[in-house]
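Put chain B on the given structure of chain A with help from the hints.
So the protein lines, in turn, are chains A and B.
If you count the first sequence from 1, you need to add 355 to reach our numbering.
If you count the second sequence from 1, you need to add 18 to reach our numbering.
In case anyone wonders, no lab produced these hints; they're calculated from the structure.
Glycine residues also receive a C-beta, built at the ideal position from the N, C-alpha and C atoms.
Treat the hints with care, as some may be off.
Said to hold, decoys possible - Below are the EDC-like pairs computed for lysine to aspartate or glutamate, each with C-alpha atoms no more than 20 Å apart in a straight line:
{"#": "1", "chain 1": "B", "residue 1": "K494", "chain 2": "B", "residue 2": "E416"}
{"#": "2", "chain 1": "B", "residue 1": "K465", "chain 2": "A", "residue 2": "E578"}
{"#": "3", "chain 1": "B", "residue 1": "K465", "chain 2": "A", "residue 2": "E582"}
To be verified - Covered stretches of chain A (chain B as the covering partner; in silico rule of three or more C-beta atoms under 8 Å from a C-beta of chain B):
{"#": "4", "segment": "479-488"}
{"#": "5", "segment": "544-557"}
{"#": "6", "segment": "569-576"}
{"#": "7", "segment": "605-618"}
Stated by the list, open to error - Here's a subset of chain A near chain B, in silico, CB distances under 10 Å, partners left out:
{"#": "8", "residue": "G503"}
{"#": "9", "residue": "F519"}
{"#": "10", "residue": "F622"}
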Amino acid sequence: MAKANRLTTFGNDLYTGKRSFNFVGGRKKWYTIVAVLLLLSVLVPILRGVNFSIEFRGGSQFQIAGVENAEEQPAIDAVESVVPDATAHVTIVGSDGIRVQTDQLEQADSRAVTTALAEAYGVPESEVTSSFIGPSWGADVTRQALVGLVAFMLLAAVIMALYFRTWKMSLAAILALIADLVATVGIYAALGLEISPAATIGILTILAYSLYDTVVVFDKIRENTAEDGQESRRTFAESVNLAVNQTLVRSINTSVVAALPVAAILFLGAGVLGADTLRDISLALLIGILVGTWSTVFLAAPLYSQLREGEPEIRRHDQKVLKERERAGAPSAEVLPTA
Amino acid sequence: MAAPSKRSSRPTPVRKAWRSLTWLGVIIALLFGINAAGVIWGGGSWTPKLALDLEGGTQIILAPKVETGADVSQEQLDQAVSIIRQRVDASGVAESEINTEGDNVVVRIPGELDDQTRDRIEQSAKLELRAVLLADAATNTAVSPTESPSPTDPAEELESTPTVEPTDGSDPAWITPALQDQFDNFDCAALDDTSTNVAPADEPLVTCDRERAAKYLLGPVEASGENIVDATNGMVQTQTGASTGQWAVNIVFDEEGTQDFTEVSTRLFGLQGQTPRDQFAFVLDGAVLTAPSMNAAITDGRPQITGQFTQETSKALADQLKFGALPISFTVQSSDTISPTLGTSQLQSGLIAGLIGLILVVIYTIFQYRALASVTIASLVIAGIITYLMITILSWREGYRLSLAGIAGLIVAIGFTADSFIIYFERVRDELRDGRQLVSAVEAGWKRAFRTVLASKATNLLAAIVLFVLAVGSVKGFAYTLGLTTIIDVVVVILFTHPMLQLLAQTKFFSSGNPWSGLDPEALGAVYRGRAEFRKPAAVTAKKAASSAKEAQRRQTIAERKAAAMVGAGDTSNDGKDS
Chain A
356 MAKANRLTTF GNDLYTGKRS FNFVGGRKKW YTIVAVLLLL SVLVPILRGV NFSIEFRGGS
416 QFQIAGVENA EEQPAIDAVE SVVPDATAHV TIVGSDGIRV QTDQLEQADS RAVTTALAEA
476 YGVPESEVTS SFIGPSWGAD VTRQALVGLV AFMLLAAVIM ALYFRTWKMS LAAILALIAD
536 LVATVGIYAA LGLEISPAAT IGILTILAYS LYDTVVVFDK IRENTAEDGQ ESRRTFAESV
596 NLAVNQTLVR SINTSVVAAL PVAAILFLGA GVLGADTLRD ISLALLIGIL VGTWSTVFLA
656 APLYSQLREG EPEIRRHDQK VLKERERAGA PSAEVLPTA
Chain B
19 MAAPSKRSSR PTPVRKAWRS LTWLGVIIAL LFGINAAGVI WGGGSWTPKL ALDLEGGTQI
79 ILAPKVETGA DVSQEQLDQA VSIIRQRVDA SGVAESEINT EGDNVVVRIP GELDDQTRDR
139 IEQSAKLELR AVLLADAATN TAVSPTESPS PTDPAEELES TPTVEPTDGS DPAWITPALQ
199 DQFDNFDCAA LDDTSTNVAP ADEPLVTCDR ERAAKYLLGP VEASGENIVD ATNGMVQTQT
259 GASTGQWAVN IVFDEEGTQD FTEVSTRLFG LQGQTPRDQF AFVLDGAVLT APSMNAAITD
319 GRPQITGQFT QETSKALADQ LKFGALPISF TVQSSDTISP TLGTSQLQSG LIAGLIGLIL
379 VVIYTIFQYR ALASVTIASL VIAGIITYLM ITILSWREGY RLSLAGIAGL IVAIGFTADS
439 FIIYFERVRD ELRDGRQLVS AVEAGWKRAF RTVLASKATN LLAAIVLFVL AVGSVKGFAY
499 TLGLTTIIDV VVVILFTHPM LQLLAQTKFF SSGNPWSGLD PEALGAVYRG RAEFRKPAAV
559 TAKKAASSAK EAQRRQTIAE RKAAAMVGAG DTSNDGKDS
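Pulled out of the complex, with its shape left as it was, chain A reads as follows (with noise of 0.2 Å):
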């Protein structure tokens, strides 16, 4: 055994029950926290207020990189030069790069405002990356998404139903993925980043995510008990519980293999100008991949357990076991999860 690393080791005791986490049976305590975690991804936003990017707000938008001079007040008199009771809001990114935002100009003003920047910065103007957004353009990305996002779910029931053949799976894996999007949304706007497309590009994605690991587990879940069936020793919860343990190295693993690569974007797409699309997408991923593992095991793992739990025939499996139990002399110690 010496030569195996310590994740390893861990792996093989909790694959074998020698270590294990009880998931299932804490469930109250994982739920209270989830709902204290959503509550604040409700609340925090909500007091703190969202910042709705450019493009959902409208506006005009010029970007110059590569300046040898990066300072906001030349932009400012730019602007000003131009339209007069403009407000502009001049950003400086990474070194060399300038952001103006300003309301929206029309298309006259805003040519010369390009010219303006040019001049100001001493840049050709093609050098000056100028964009309009008519403020229609985010809510329209905005409900398409969220058509997709309704569309996606209803599907994935579905399927996840049919799959596993049982509605309780796929109720749990949801309830779980709805929760993953109120808190990466609710973390996402408390950092104070701006809601952009892009942003809203990784939440999308970690439907596929969520979802995906759920998937993986429910898999391993749905081989423990199926396979256990009435010979098992173990309760339902038990048995369930064992699955998340034996897939827990897997989840670190797989959460951390897809997280390093999103990092990566997010660590380079911050210093680079114009590289907010890579940004916002990965943190909005980042946040979304960590939730969603765990929510997997925390939440989604307990909900289908407390689901079937109920059924006349896992109850008086579990109740057998329990009596046996008992009988072997075994210490009541081991607390039936269902409180």
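Same frame as chain A, but now just chain B:
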């Protein structure tokens, strides 16, 4: 790849493995061949086309302006797209892309966009009616483009203001020596230059027809497209209502148009025989659509154009006249100009991020799976090659363009792809923990892992498809790469990762459970457990042999045994805090 030494002892998995790898080779060779064929014959390329955010250029999104509740039909949109395309092409912009996304029309133009082209795109086209003063066959002689006649040069020397004040739109007095000279030298090829075929409404215009077959010197504007209420195509009918079988375009003018047209038609009818001065021209976007001659004085504002029409051409002309150009009016929803420098830097940061992500994944998998990581890395490389070829082919055949969001999708896919290898490896390890030999552990682990991988990847694919169908803009690009890589991932797991593991299981290094192989049964606790309890699969299996696979049952018995043992001892660690 070293040929397996024990081919004779374990023929089936090895032969299967080689068959899968052959298939993979065939697929890659095929994709490579398609791409090569594209490069040689079809204008393909070895690099995928880039979207505007990476290449630099201008993107304008036009949203239809409709009354609330009104729907925009696909037909209208298609028509708008084709008209906008004509306009952009007329500006001489190469490689523009115009298509619809949802109800929006998206115009993508590489490079910088000059103001005139922008105006052409954003404004509704102008339809003008002008009387013809002079007409001639087009001179498309091989005048080199640099010497194309500039309207100002001759004008400096020649008289450019009429000596006699013209009395009406057909008055030859409009034709000044300067205009005459311009007309004589006008090259229809110059129609593409945006500056040549525009003139103020109250001045004459020199231009050509769309086919560049004839050139015209036209009088000032007599009526404009706004005055046309309706235009339809139909068969010409005699007074008794019988069809003549000849196609015609029927125009209906509004009140003002009727007035104007009555005046023009009366005048032109009076000039009958003095060709071309009895003709009047419909000018769309500065080019002559058609220039029929006047056969009667039309006073009811309902002229009919006849000629060599087919049903299609009459319909096309009617549509163009009716819509003044665009079937619906649009507002600019967003307009982006991205400098090529910014595009390049975005591409660079995307690629660097991808590389770093890849390296991190490689390091982590080596740490976790030792020599087994080589399979992961090789699988990622294979997946990368297939993805690259697919994207290049798709960008050639389907016009797919790689955007920043698409690149993000690809980078994210590195992790998602590696996930399926992890699921597989962990399953194989589980089998080893149950005391299986490596070769059978690989087979049994695969059977279980494959199911899980398929089910989980199916949810990924479902998400990608739903997003692709319903979403717009950059979300679409992202969903596209996500879906593509999901499919490629499954293909690679089946045709590469699993076969490779099958082959490696035959090697001494892996089958002997070398500590560095990542599949060391001792490290995985298999031996330890074997010592702890005697394995007795027979006791339980008899009862449920029907339903499940043998290996599952054997594992279960161990698990159950452990669970029973755990009842007393294991409980202390059940508080979830041991680490």
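Hints, one by one, checked against the model:
no., hint, in the structure
1, K494(B) x E416(B), "14 Å, holds"
2, K465(B) x E578(A), "12 Å, holds"
3, K465(B) x E582(A), "16 Å, holds"
4, 479-488, "holds (count 8)"
5, 544-557, "holds (count 4)"
6, 569-576, "holds (count 4)"
7, 605-618, "holds (count 11)"
8, G503, "4 Å, holds"
9, F519, "9 Å, holds"
10, F622, "8 Å, holds"
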